[in-house]
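Enquirer: Single-letter residue listing:
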Amino acid sequence: MFTKVLIANRGEIAVRILRACRELGLQTVAVYSEPDRQALHVRYADQAYCIGPGASRDSYLRMDKILEVARKSGAQAIHPGYGFLAERADFAQACLDEGLAFIGPKPSAIAAMGDKIVARETVRKAGVPVVPGTEGEGGLNDDELLAIAPQIGFPLLVKATAGGGGKGMREVRSLEEMPALLRAARREAEAAFGDGNVYLEKLIEGARHIEIQVLADSFGNTIHLGERECSIQRRHQKLLEESPSPFVAGDDDLRRKMGQVAVRAAEAVGYVNAGTIEFLVDADKHFYFLEMNTRLQVEHPITELVTGVDIVHEQIRIARGRQLRWKQEDIQMRGWAIEARVNAEDPYNNFVPSTGKLNHILMPSGPGVRVDTGVFSGFEITPYYDSLIAKLIVWGETRAEAILRLRRALEEYRIMGVRTNIPFHQKLLDSHRFMAGQYDTRFVEERFSPQYSADRREEGEIAAILATLVAHSENLQASNIVRRGIRDTSNWKWLSRWERVHR
Amino acid sequence: MFTKVLIANRGEIAVRILRACRELGLQTVAVYSEPDRQALHVRYADQAYCIGPGASRDSYLRMDKILEVARKSGAQAIHPGYGFLAERADFAQACLDEGLAFIGPKPSAIAAMGDKIVARETVRKAGVPVVPGTEGEGGLNDDELLAIAPQIGFPLLVKATAGGGGKGMREVRSLEEMPALLRAARREAEAAFGDGNVYLEKLIEGARHIEIQVLADSFGNTIHLGERECSIQRRHQKLLEESPSPFVAGDDDLRRKMGQVAVRAAEAVGYVNAGTIEFLVDADKHFYFLEMNTRLQVEHPITELVTGVDIVHEQIRIARGRQLRWKQEDIQMRGWAIEARVNAEDPYNNFVPSTGKLNHILMPSGPGVRVDTGVFSGFEITPYYDSLIAKLIVWGETRAEAILRLRRALEEYRIMGVRTNIPFHQKLLDSHRFMAGQYDTRFVEERFSPQYSADRREEGEIAAILATLVAHSENLQASNIVRRGIRDTSNWKWLSRWERVHR
Amino acid sequence: MKYITTIDNQEYTVEILDDGVVTVNGKTYQVNFESIDGQPLYSLLVNGASYESMVYATEEAWEVLLRGYLYKATVEDEREKRLRVAAGGSQAQNAHFHLKAPMPGLVVAVPVSEGQEVKSGDVLVILESMKMQNELKSPQDGIVKRVRVQAGQSVERNQVMLSVHAPEA
Amino acid sequence: MKYITTIDNQEYTVEILDDGVVTVNGKTYQVNFESIDGQPLYSLLVNGASYESMVYATEEAWEVLLRGYLYKATVEDEREKRLRVAAGGSQAQNAHFHLKAPMPGLVVAVPVSEGQEVKSGDVLVILESMKMQNELKSPQDGIVKRVRVQAGQSVERNQVMLSVHAPEA
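Residue numbers (our numbering), protein chains in the order written: chain B, 554 to 1056; chain U, 554 to 1056; chain D, 165 to 333; chain W, 165 to 333.
Any given hint could be a false lead.
[Stated by the list, open to error] The calculated lysine-lysine pairs, modelled on DSBU-like cross-linking and capped at a C-alpha distance of 30 Å, are:
| hint | chain 1 | residue 1 | chain 2 | residue 2 |
| --- | --- | --- | --- | --- |
| 1 | U | 669 | W | 295 |
| 2 | U | 980 | W | 295 |
| 3 | W | 191 | B | 625 |
| 4 | B | 659 | B | 618 |
| 5 | U | 659 | U | 880 |
| 6 | W | 236 | U | 618 |
| 7 | D | 295 | B | 618 |
| 8 | U | 910 | W | 264 |
| 9 | U | 791 | W | 295 |
| 10 | W | 309 | W | 283 |
| 11 | B | 791 | D | 301 |
| 12 | U | 880 | U | 678 |
| 13 | B | 910 | U | 910 |
| 14 | B | 669 | D | 295 |
| 15 | W | 295 | U | 910 |
| 16 | D | 295 | B | 659 |
| 17 | D | 191 | D | 166 |
| 18 | U | 755 | W | 295 |
| 19 | U | 618 | U | 659 |
| 20 | D | 309 | B | 910 |
| 21 | B | 618 | W | 191 |
| 22 | W | 236 | W | 301 |
| 23 | W | 191 | B | 557 |
| 24 | B | 791 | D | 295 |
| 25 | U | 557 | D | 191 |
| 26 | W | 301 | U | 791 |
[To be verified] Partner residues aside, some chain W positions facing chain B, computed with beta carbon under 8 Å:
| hint | residue |
| --- | --- |
| 27 | 198 |
| 28 | 200 |
| 29 | 201 |
| 30 | 202 |
| 31 | 207 |
| 32 | 209 |
| 33 | 212 |
| 34 | 213 |
| 35 | 214 |
| 36 | 216 |
In case anyone wonders, no lab produced these hints; they're calculated from the structure. All C-beta atoms in this analysis are idealised placements derived from N, C-alpha and C, irrespective of residue type, glycine included.
Could you build all of it, start to finish, from the sequences and the hints given here?
Expert: Written out as structure tokens, the structure reads:
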């Protein structure tokens, strides 16, 4: 049984895994890129090795270097976290070939779920509902797609076979507009992934993105830990998650059915360790398999808070060959948990990523508040990695209590040195539709936009006093306060449109 | 029903109460002394008023100013926290006279439990065991005490009637040494409290300090939330608490009996709101009433973590005239919680208090970790108030998991600018007796002392490298590194003996 | 000292008196104002009400982030206001636009070349940073000048990548 | 650069080479050493092992707080060591002791007066701070001189409150 774990990741998730290892009495080995020398995962680990420069492809994606560190350090197991190499079957296989325990599923399960067509077919055969579409049919040409489209029905989606994150995706409302949209989608897919193949999928309107956490040991026991509601997204990036889902809460029958289906999907690929089945759920509570994430999810903590199961501890125990300590009937969801992803990006400026040195952090704490983060005062946010800097997670007896608690925690959180999306979350929590739990995956983009102060006239006077006192006290009036014309450095702002790159 | 609460306190407990108010949708009013202008309780409150200079007697103990702020701000309720005015029956009465809700017990209950003789007599009549002694007999003279002493038996304690915190206390092992010790105790009591009266009390050897949290509403419902183990003390100051007690865990019968007795003690004074009954428990599991704290305790969070009851929320609900939401049978203790009090004091230098500006804080976080604190980077620790700067509280499924988690959280915690007692806690958690749960109230003072590096030779080499690299890189070698003779500023260290002052 | 502070076209006349007192449009407030830890983070007490805010100096305005809402404020003293009004309040048109990198990143593509005519909204540079791609567009019609970057090149924040000169310039 | 570093009478010969390499008593280590956020807080990698430590400069020694343990280290270069050894390594006896306040506080009592003879261990000043009272005692026999404080007075950290001169001084 292994006693030393290498964490092949960085940021908050590396810290999360390091903590779990410490709490289980395991030794830890960190790997880091040059700009991450001072990162918490380096400081909290028992050992740490540099594996290259900042760019992921030269460091955190370098299997060879990571395996070399495993050999050098005497690590006997590897936890891949999420992102980077977490869903690479070849990496999982390479670990096994080296005699290392891979804290995750078998390579075959990663591979089966990583290929969308195989995944769809596999779970469909196991009786799991999938969104109607052509994904299982291989690469069809435009004429074939145009012929099949009316059978699926409009509206539908054109999606890139190789894709993800919205690249090469187009929404089609009628047969007439379809040829042009097909061409655009293929062009974009070709540019982004080097593969112009696309498929059609029924567009589920008013859909919610709800996922089920599963745990499976190597003795054939598979259970689920209930659902997470992940419909608060912007450009296919989750921003805030809650468990239970307001849509599922109170409908134990739906939860049981989704849970059973999720377990069946996992069993269909011989799944071991922690994984997540993502579903689209329509307004009539029909649910469709979207994909399986064969790894730890960013949002796993909300499930931990409502079920009391420490998922990372459990991942490690499973990888050490232990049996699951719970049966399905032991799992009770208690209270309500919400996670707000705190990103270094400016919600008032098109969510443009923000880099810089963090000068001052005041972290919220107290009852019912958990923060998973990898940053600290003095740390530099570089442009090499994604913008997630912290997860603010709260628990409350009820959804209302959780929302009030998250509000107070967001207001307490101070991060100086970069802009963050905390104001986005604050406004989201103030919106009536969110409070009522009435939202779908398009809510943020279509119905919710961070506004300036127009809706808060009553505090305008306070803002005016603040601005005036700061201007006055800094004695910068003469050079800075006169309203001027267009500035070069800010011109790009209103024109920017950042797109997330999926690798 | 009140909607605006004045918090008549500062520091972590004021922040704790402010958070609870926010989570319940209540408006908040802070009061602050001049050096506390930037304190978190000022920043987190909806309103904040200065009530005087740093010394407590000129600010946080000024009832008149606090009541004036209540009038000015429109507060309808006052939460006193702990310390300061929390156990002053006259303050509670003054609040009621002003038409303010006092979030705590009735003045009569505070008064009854505040007078040790009355408290002892009251609970004794209600069938609560008390430590044998003369406290109920009023002020006896030396001859009377010397005559009674053999009946109580040796060893016994001479204690100041007006006292607390070990002032005017002497341990007596024989009749022969008693006259001199009586004189010393009376002199010290006279100096500390202006009252030289003393009484005798049987000394319970190998005693544990275990307390029971109770909650009572104004409808006559009183429940208890299990016990807290508070035997880790130094000079009568609690340093670390756990719930359950390792001594009680597994003995449901003892817990039930102590709980019933605690409820009876509370009922004996018509107690309403949250309170704590402190017991001494001897090696044979006999337990004796020590005193009742008629207020929120510093260590309340560990009970919150194992029972799931938010005690401060509940205090406010009770004060708003609500019924308790739990019956005794609903209260289940789940898992294990430990609290380490982080004080600004130097464990390597006789625990001398440390003041200064906090330059950098890295707070532990992640699963199972809660920090209740009132400080932040940039805050100045002044000599006006006590040295508690944070409470690091962890929860684990088992005591072992909680200990491992507390270890990792202590190692993560970085507070720069003052010395803290974190190393004390780290060593305590490494001690075999603590790990085995085998300790009494004298453990820290008699069996445990923070040592230098003698027991950690293996890391001496690393320490040598660190010291050399720092010395080298700071280029201070020439002036600083030569070992010199006695230094003025450090002379006092080995001679210091700080005594806590109780007011 | 008297200022005219403007937020969303709403003008506030703010006068700062010596002793912790300000007036806003004639109303008097007791204020107590402190910076936290040397940061642009301010604690403000106004007649007993407690506020905390980050106030950023940007080139156009003071950005006041207060309870999750952002207020863009300009602050002028009376003399400046008079001068600006006397000058007709007009804003100068920039003849040249210098495209600066909004953040450190990698240039993915430069779809324009020197001397090329561009319209407002045309893509000038595609920049990648933090796993995101960003199309940086021209804010005005003009001629591309001084292209100083090429695909594959890393750029620093605020590094000028190219310029667009107004057609008549 | 070669140093002799002493902890608890244990001597370590530490040589710092140029390229992230040190030797300790002849053994070679790869080291990587960084200060965090400008604080006396250091991250050290030694042959891949990760350590973090606070290192305080005090007047007698470098105090290294590592994983909950405090190491008091003196660091001398070779020349200093030679000089000290040549001088017999003796430590000068201080003739005068200046009692400084270890922290800001309030003087509760000064039980001695100028010219009074005191013995080592006699209480010189009682100081109150952070709800604690502290008896500050004399480390040596001598005569009290220059009493600069009285009961009720506030003192700053390191403020000299009085002196004790050696009898023969």
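Enquirer: All the hints need checking, so say for each whether the structure fits it.
Expert: Evaluated hints:
A threshold of 30 Å between alpha carbons decides the hint, and for residue 669 of chain U with residue 295 of chain W the separation of about 23 Å falls inside it, so the pair holds. Distance check on the hinted pair: residue 980 of chain U and residue 295 of chain W sit about 26 Å apart at the alpha-carbon level, within 30 Å; holds. Restraint check: the Cα-Cα separation between residue 191 of chain W and residue 625 of chain B comes to about 19 Å, which is no more than 30 Å; the hinted pair holds. A C-alpha spacing of about 22 Å is found between residue 659 of chain B and residue 618 of chain B, which places the hinted pair at or below 30 Å, so the restraint holds.
For the suggested pair residue 659 of chain U and residue 880 of chain U, the alpha carbons sit about 22 Å apart, so the restraint of at most 30 Å is met. Restraint check for residue 236 of chain W and residue 618 of chain U: not satisfied, since their Cα atoms lie roughly 49 Å apart, outside the 30 Å limit. The suggested pairing of residue 295 of chain D with residue 618 of chain B holds, with an alpha-carbon distance near 22 Å, which does not exceed 30 Å. This hinted pair checks out: residue 910 of chain U and residue 264 of chain W have alpha carbons roughly 20 Å apart, not beyond 30 Å.
As the CA atoms of residue 791 of chain U and residue 295 of chain W are separated by approximately 15 Å, the hinted pair is consistent with the 30 Å bound. About 14 Å separates the Cα atoms of residue 309 of chain W and residue 283 of chain W, which keeps this hinted pair within 30 Å; it holds. Between the alpha carbons of residue 791 of chain B and residue 301 of chain D the distance comes to roughly 27 Å, so the proposed pair stays at or under 30 Å and holds. For the given pair, residue 880 of chain U sits about 26 Å from residue 678 of chain U by alpha-carbon distance, which is consistent with the 30 Å threshold.
About 22 Å separates the Cα atoms of residue 910 of chain B and residue 910 of chain U, which keeps this hinted pair within 30 Å; it holds. Restraint check for residue 669 of chain B and residue 295 of chain D: the C-alpha separation of about 23 Å stays at or below 30 Å, so the hint holds. For the given pair, residue 295 of chain W sits about 19 Å from residue 910 of chain U by alpha-carbon distance, which is consistent with the 30 Å threshold. Note on residue 295 of chain D and residue 659 of chain B: the hinted pairing holds, with a Cα-Cα distance of about 28 Å set against a maximum of 30 Å.
A hinted pair counts as satisfied when its Cα atoms are at most 30 Å apart, and residue 191 of chain D with residue 166 of chain D qualifies at roughly 13 Å. Our distance criterion of 30 Å between C-alpha atoms is met by residue 755 of chain U and residue 295 of chain W, whose separation comes to about 29 Å. For a cut-off of 30 Å, the pair hint linking residue 618 of chain U to residue 659 of chain U stands: about 22 Å separates their Cα positions. In summary, the hint linking residue 309 of chain D to residue 910 of chain B is not supported, as the alpha carbons are separated by about 33 Å, beyond the 30 Å threshold.
For a cut-off of 30 Å, the pair hint linking residue 618 of chain B to residue 191 of chain W stands: about 27 Å separates their Cα positions. Distance restraint check for residue 236 of chain W and residue 301 of chain W: the Cα-Cα separation of roughly 24 Å lies within the 30 Å cut-off, and the hinted pair is therefore satisfied. Straight-line distance between C-alpha atoms of residue 191 of chain W and residue 557 of chain B comes to about 26 Å, which keeps the hinted pair within the 30 Å bound. For the hint pairing residue 791 of chain B with residue 295 of chain D, the CA-to-CA distance comes to about 15 Å; that is within 30 Å, so the pair holds.
With a C-alpha separation of about 26 Å, the suggested pair residue 557 of chain U and residue 191 of chain D falls inside the 30 Å cut-off, and the hint holds. Using a Cα cut-off of 30 Å, the hinted pair residue 301 of chain W and residue 791 of chain U holds, with the two alpha carbons roughly 27 Å apart. Here the hint on residue 198 of chain W is kept, as its CB sits about 6 Å from the closest CB of chain B, short of 8 Å. Given the 8 Å rule on beta carbons, the hint for residue 200 of chain W holds: about 6 Å separates it from the nearest Cβ of chain B.
With a least beta-carbon distance of about 3 Å to chain B, the hint placing residue 201 of chain W at the interface is held under the 8 Å criterion. Annotation: residue 202 of chain W was flagged as interfacial toward chain B, and the flag holds, the nearest CB pair being 7 Å apart, inside 8 Å. Hint on residue 207 of chain W holds. Least Cβ distance to chain B is approximately 5 Å, under the 8 Å limit. Given the 8 Å rule on beta carbons, the hint for residue 209 of chain W holds: about 6 Å separates it from the nearest Cβ of chain B.
Interface restraint check: residue 212 of chain W against chain B, minimum CB-CB distance 5 Å, threshold 8 Å, status holds. With a least beta-carbon distance of about 5 Å to chain B, the hint placing residue 213 of chain W at the interface is held under the 8 Å criterion. This hint holds: residue 214 of chain W has a C-beta 5 Å from the nearest C-beta of chain B, less than the 8 Å allowed. Given the 8 Å rule on beta carbons, the hint for residue 216 of chain W holds: about 5 Å separates it from the nearest Cβ of chain B.
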